[in-house]
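Visitor: All chains, full assembly: derive it from the sequences and hints.
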Amino acid sequence: MAGLSNPKLFRRCAELPATAPADAMSAAAYTLRLLASRIIALTAEIDDLDQHITDTVRVHTPGLLDRQGVGPDTAAALLLAAGDNPQRLASEAAFAALCGVSPTEMSSGKTQRRRLNRGGDRQANSVLYTIVGTDPPTECGCSKGK
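For the sequence shown, position 104 (counting from the first letter as 1) is numbered 104 according to UniProt numbering, and the numbering increases by one without interruption.
Treat the hints as calculated values from the structure; they're not laboratory data. A virtual CB, placed ideally from N, CA and C, is assigned to each residue, including glycine. Careful, some of the hints might be misleading.
[Stated by the list, open to error] So the derived label-pair ranges between C-beta atoms look like this:
#1 S108 <-> R58: 44 to 50 Å
#2 P86 <-> D55: 18 to 24 Å
#3 M106 <-> Q51: 41 to 47 Å
Guide: Structure follows, in structure tokens:
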């Protein structure tokens, strides 16, 4: 079985004989068969759910998946952050505040500074960080600063 890819290895293990374990080798083969069958079934379920998420995102925001760095999971997280009532997000600034990426005043006396908002939806913030990290102009700018 050496040299097989994972899917082929799982299929081969799932085809092992279903005899009752009598010794250590047959017990190992029996266990491998059960685990491989479970992995195959769970992989099929994951693929089905991934397709369902992709289809749902395409229905609600057709162009979102065409953007650089936005996959089905990131798009779904952004849709969940926007919620059931997208009318409450009247501007990009409102969405930035919701995601915790808007600037907030941090002033003291004559000194006026801004820092990023620490509030907001942390999952949406993480998704935006992932999207920005895959944007080539942003990557170029980040690498120059280091």
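Visitor: A separate judgement is required for each hint: does it hold in the structure or not?
Guide: Structure-based check of each hint:
1. S108 <-> R58: 44 to 50 Å: 48 Å, holds
2. P86 <-> D55: 18 to 24 Å: 20 Å, holds
3. M106 <-> Q51: 41 to 47 Å: For Q51 against M106, whose Cβ atoms are near 45 Å apart, the range 41 to 47 Å holds.
When the structure is compared with the earlier hints, no violation turns up for any of them.
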